[in-house]
Structure formats: structure tokens, C-alpha cells
Amino acid sequence: MDDRSFVAAQDVILDMKKYWTTRLYPALKAEYAERAAAVGESPQTRQQVTELLGSTTSYRYFAWMERHLQRMKYSGRYGLVPYHHERAADLRNTLPDMSGESRLELDPDFKNPVYYETVDVHQHPGGVWSEPTAGFVYERGARSTTPMLGARHRDLHGRLTDRAIRDGIPDRLLDMGCGFGKSTRPFYEELRDTQVDAVDLAAPCLELAAADAAATQAENVRFRQMNAYETDYDPESFDVVTSTMLLHEMPPEEIGRTFDECARVLKPGGRMVHLDFYILPDAFAEFIHYGHSQRNNEPFMVPLVEMDVKAELETRGFTNISIEPFQEADGVDVENSPFWRFPWTIIAADRP
Amino acid sequence: MKNPDWVDQGPPETPLPEQTFFEDPAIDRAFAVTMALATEVWVLKDRVMALEAALARSGVVDSAMLADEPDNDERAAHESQRQAFVAGLLDSLTGRQASAGAPEMES
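Going down the list, the sequences are from chains A and B.
With the first letter of the first sequence counted as 1, position 274 gets the number 274 in this note's numbering; the numbers rise by one all the way through.
One rule links them: number in this note's numbering = place in the second sequence (from 1) + 1000.
Next comes chain B alone, as it looks inside the complex (with noise of 0.2 Å):
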């Protein structure tokens, strides 16, 4: 059996794009930012129970407490953020410019 041309003839000049897998790559693309972002949200999890354990144990929280559901002017404290946070995380979907363009100019 023969080997490929390319085995005696180095790599090519111009470095291969990365491999897709959909019709369209901006959901390879898309996909692989979603993917990153998971691993984050892991590694901070990771990170918040570390921190829990080792406040529990030096007797700073108690770890039951911060597993009790929060009252009413807890969450009311939160919302703004929690809010501020769904927006951030969802604007984009309304499709909406969000700096005007040129209005000849077609999307």
C-alpha cells in the first residue's frame, strides 16, 4: 500500500481551518463558546463548594444555612441583579440593533 503524497512533504503552508460538523459553522462556532462556558460554570462551582467546605470547617457559615431557601427580602435584595443578569443574557435575542446604522444599509 502506497503512502499519501502529503507524507514525504511536510505540512501545508497555510494552517487547516478547524473541522465542522454543521450545515452551518456558526453553529460549530456557537456551540464551542456554549461548551466553554459550561466547563467555567464547573470550574466555579467547583471553586464556590472549596470555599463553603473551608468556611464550614473553620466555623465562619454553617453549610445547612446556605442551603436554606432564602426569605422573601433576600431574593427582593438580589433582584435587580438577577434581573440585570436575565437581560444581559437575553437581549440579543429580540433582534433588535442595538446602535443605530445606516438605514439603506440591509441587515
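Chain A with its partners taken away, still in its complex shape (with noise of 0.2 Å):
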């Protein structure tokens, strides 16, 4: 496949993905407000509105493309797995020598949980850990994860980043579940005195991640593959512990056993600041978030939602929790959006 041919497919896709979140999506909404109108009656569970909805052809249809627009950015004819197979030789090329390099530290006795291999998170076809090429795929797939975000993706992280550090500056900080390094970088960029590190599973979005912190020349942060609920940290490591998207991708235990890890890593009066998915302000959110997690073989999300956050975290003994609304951009409304978007909770809390 030429790289024209592959742009143009990809941008059109995002562009259907665009129309599916700024006109299906309100127009399932508005179909769903008649059909409530009609009965007399607010549907107050997820169950109701699956009856009033769930076999309507506009609902069909909305959740077909969801799946399906997906499956063409990853695995169609001009998806970004076969493009970067084709290319994988060339692009293992651009990478730096890594050996030596301090930013680094790869594991290679290092074994996956059964689960993380088990399922295709994103409807990316052998997940971003099973070959070489996985962090790029990754990488250039996440650019358009959020259609309504497009370049502002780096905001969003820059308003985690802000939001971590607003009770002051670190001087070491924990990344989990980095990825391919995009939730680290404002870290280790804006707070040069503080030491960042940052851990996943896949050792091919840590390599990109650790290129990238080389391209730029920063000093102060290290890539390392492990689990983030079971890293090799001594206690009281560090002042705060975050984590972007990660919670959502975990069975329940595992992130029960990742709180657990942030009592024990964090120093006393230490901060863990976690952005995921996990506020749904209502039945209609329920569903289509419900929805969402089987569409794109997110499994775990639901979970997430129904877990008793806030209990946990006073069963570890944590303090000043906060379980709020994150606005990701600039004038998005949180409450109720008119197009579709995740629903980005700030998960945050004090150890003592």
C-alpha cells in the first residue's frame, strides 16, 4: 500500500468517525428523548433505555459503525497494521540504539498477565506488545482516538499534567501505564528538576517512548518494562503517582493490587492522580459507555464503573480522595456534551 492511498483511507475514516460523534451520536440522543417523551417517563437504568433504544435501527446502525470504523483503521485494507508491516524493516530503522542508554530498561524475562494477551484491547490485532512494530501502530492510531481532540491530544495530558502537580512539584514522580511515553512527556518536559519514571508492559511503546525522550534530549526521565501493580520500587519512593487510561484496561483485582502499589511507592502525604473513564451522569451515559466497552473490546471498563472507587481507596487508608469530572478541552461540557465523548474522571487521593 502507497502512503497516499493510506492517508487518504485513514483521514476519511476519522472523518466518518467525526460525523458518527458529532451527528449520529446526537441524533441517537434526540431519537432516545422522543421514545423517553413518549412512555412519560425518564429511563433511570441502563436496562430501560436498552428497551427503548437497543433494537432501533438508527441505534443498530451507530453501534455498527462504532465497531466497525475501528476494525478499518486497524485491520482494513488500508488499516495501520498492514501499513506498518509492510514497513516494519525501515521503521525498526529509525529507532536509535538504545543499548546503554540510561532512559531505557527492558526486561526480557519479563511475562505478560494471561489477560493482557488475551484480548485485542482497541480492536488492535495482536495488541501493543506482540511485535516490533506495535508502538508505532499504537502511536499513530492514538492520534485520532479521540476525533474532537485531533491536535489537541497534547492538551489534554497538559491538563493532567497541571492538575497533578497543583499541589506542588514533585521531585519524583511515577508514570504507570505510559505506554508509548505521550502521558509522560509533559512531566519530564515541564518539570526538568523532577525525576520521571514511567512503566508499562509493551516493550515496543517503551522503546518509542524512550527514542522520543532522547530525541529531546531530556535527562530526567527512564522507561521500564513492568507490571504497574507489582513494579520493584522501595516504599516510599515517590511524591505523586499518576496513570492516563490505564485503570479501564485492568481486571478488577489487578487494579485493586495497582492501589495497593500507589500506597505502597508513594511517600507519606504523597499524591496518586488517575485519569480514566468512570463518572456516568446518567442511564443514557451508562449505555452507550456499556456499549463502547464491548465495541472496542475494552473489557474492563465496566467493571471499572461498577467498582465502589472512593471505598476502596478509604479501605487502603487513603485520604482527601477526589473523584471528579475531567474537561479535557477547552469548552467541552462535561455534564452534557451534545457529541459523544469519554467519560473522563480524575481519580485522585493523598496517602497519609
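Just so you know, the hints here were simulated from the structure itself, not pulled from any lab data.
Remember, predicted model here, so these are calculated numbers, not experimental data.
Treat the hints loosely; a few may be bogus.
With a Cα cut of at most 20 Å, we get these calculated EDC-like pairs of lysine to aspartate or glutamate [unchecked claim]:
hint, chain 1, residue 1, chain 2, residue 2
1, B, K1002, A, E298
2, B, K1002, A, E230
3, A, K310, A, E286
4, B, K1045, A, E298
5, B, K1002, A, D260
6, A, K111, B, D1046
7, A, K29, A, D3
8, A, K111, A, E306
9, B, K1045, A, D15
10, B, K1002, A, E314
11, B, K1002, A, D11
Build the complex: two chains, separate frames, hints provided.
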């Protein structure tokens, strides 16, 4: 496949996704409101929304588009995976030699959790870990994960950075589930006096993250291959622990273990700040989110929203717990967005 | 909260089928073909636009002329190809079989 055809196809698939976001979603929501008004009461549960809307033609096409635009993006004829596979050797050659590089530490004996290899999350065939170009695929795909943000994706991570350091600049910060380093970059770029550690399971992503950091000549970051809920850091090592879109990728027991690990590695008075998808303002939002979980191959989104996170944190002794909607960009209505959006939520707490 | 059983069991022996959203999965599959073709149409359109721009830059074609209404001779010259395209697109709507099947077989 030639580069021009790939870009043209990916662009038109993204435009279809934008249409889905800004036209099909509002149309579905309007139909839902009409149907609810016709029966004289507003549904209070996801199941009631399903009864009202689940078998309508509008919803079927909405659901189909969500599932298959993502499939086309990743594994269609002009998909990210075939495009990058064709260029595997060239892409690998773009990475610098990282041997002896302090910014990258891979574990040749590392074993993924079974669940991580069972599901191709995001409909990414082979996931973000299984082959050398997986990091490139993930990076390219993530540019259009939230179609309305576009180039403002950087804005989202910058906002999280601001939120995470609201109470002071940390000496040491741990970014869990860093992927290819998009969430980590604002930390090591903006906090030059902070030592930033970032961990992830996927070697292909970590390689990309470290190469990116090397290109910026950042000396205050290192990317390490390890499990967020099972790190090798000493107790009380960090002032701040963060994650971005990590918790919903984990089974519920591992989410609990991740909170345990945060408590262990945070210094007394340290704070953890997780950005994820949690607060669903109404039954319609719940219906949409549960559907997204299934259609995008993200099975742990549902257990996360069903988890009593506040209770989980209180049980572990966290204090100053804050679970609140997160505005990912200026002008976004977090309570009642006219367009489809993720239910971005900040989950933050202090270790006493 | 407990983990689902599959978390520690690994993938199923038989891969799952693709998800379906319509009562008749034929609609799911036919729509997928349509969307794949729609993508191909844009890829071709993009290529034609690039080609026209390159030809115009090198003075081979006049872009404005390409957008002019074709005269009757040009339309007539394309007619048979256009009609063949339409027939190829719509023939299956007649519901007639293209090859003779055994008379006793019901569809």
C-alpha cells in the first residue's frame, strides 16, 4: 500500500468517525429523548434505555459504525497494522540504538499477564505488545482516538500534568502504564527538576517512548518494563503517582492491587492522580459506555465503572479522595456534551 | 470485586465471530462491503485530484477545462461504458438467476 492511499483512507475513516461523533450520536440522543417522552418517563437504568433504544435502526447503525470504523482503522485494507507491517524493517531502523541507554530498561524475562494477551484491546490485532511495530501502530492510532480533540490531544495531557502538580512540584514522579510516553512527556518536559519514572508492560511502546525522550535530550526520565501493580521500587519512593487511561485496561482485582502499589510506593503525604473513565452522569451515558466497552474490545471498562472506587481507596487508608469529572479541552460540557465523548474522570487521593 | 473467570484462562480455542448489530447478519456484512467500497472511492478520488494537480502544474492539462460540462460527442463516446457500469451495478436487483439451476430446487 502506498503512503498516499493509506493517508487518504485513514483521513476519510477519521472523518466518518467525526460524523458518527457529531451527527449520529446527537441524532441517537434526540431519538432517545423522543422515545422517553412518548412513554412519559425518563429511564433510570441502562436496561431501561436498552428496552427503549437497543433494537432501533438508528442504534444498530450507530453501534455498527463504532465497531467497524475502528476495525477499518486498524485492520482494514488501509489499516494501521498492514501499513506498518509492510514497513517494519524501515520503522525499526528509525529507532536509535538504545543499548547502554539509561532512559530505557527492558526485562528480557518479562511475562505478560494472561488477560493482557487474551484480548486485542482497541481492536488492535496482536495488541500493543506482540510485535516490533506495535508501538508505532499504537502511536499512530492514538492520534485519532478521540476524534474531536485532534491536535489538542497534547492539551489533554498538559491539563493532567497541571492537575497532578497542583499542590507542588514533586521530586520524584511515577507514571504508570505510560504506553509510548505520550502521558509522560509533559511531566519530563515541564518538570525539569523532577525525576520521572514511567512503567509499562509493552516493550515496543517503551522503546518508542525512550527514543522520543532521547530526541528531546531529556535527562530526567527513564522508561522501564514492569507491571504497574508489581513494581520493584522501594516503599515511599515517590511524591506523585499518575496514570492515564490505565485502570480501565485492568481486571478489577488488578485495579485493587494497583491502588495497593500506589499506597506502597508513595511517600507519606504523597498523592496519586489517575485519569480514566468513571463518572457516568445518567442512564443514557451508561448505556453508551457499556456498548463502547464491548465494541472496542475493552472488557474492563465495565468492572471499573461498577467498582466503588471511593470505598476501595478508603479501605486502603487514602485520604483527601477526589473523584470528579475532567474537562479534556476548553469548552467541553462535561455534564451534557452534545457530542460523543469519553466520561473522563480524575481519581485522586493522598497517602497519609 | 472478583475477576471474570477468563482473565486467567487465556483465549478461547475457537476465535469469537465478529459482532453483529442487525437481526439479519447479512446486513452487517453487506454494509461492511459498502463501507469498504466507500473508502476505496475516496482513495481513488484523492488520487485523481493529486494527478490532476500534478498535470496542471506541468501544463499538461487545464484544470478549469476538466471541470467544463462535456459536449454531446464526449457524452456519447462514454455512453456504452456508462451503461455497462450501471448494468453491472444493478443487475442483481432483478432477482433473476444468471446460470440455470435444477428446476426442482427452491431458492
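Hints and how they fare:
1. B:K1002 with A:E298: 17 Å, holds
2. B:K1002 with A:E230: 19 Å, holds
3. A:K310 with A:E286: Holds - the C-alpha atoms of E286 (chain A) and K310 (chain A) are around 19 Å apart, at most 20 Å.
4. B:K1045 with A:E298: 35 Å, violated
5. B:K1002 with A:D260: 16 Å, holds
6. A:K111 with B:D1046: Judged against 20 Å, a Cα distance of about 45 Å means the pair is violated.
7. A:K29 with A:D3: 38 Å, violated
8. A:K111 with A:E306: It is violated: about 29 Å lies between the C-alpha atoms, which goes past 20 Å.
9. B:K1045 with A:D15: Holds. K1045 (chain B) to D15 (chain A) sits at ~15 Å (cutoff 20 Å).
10. B:K1002 with A:E314: 18 Å, holds
11. B:K1002 with A:D11: Violated, at roughly 41 Å.
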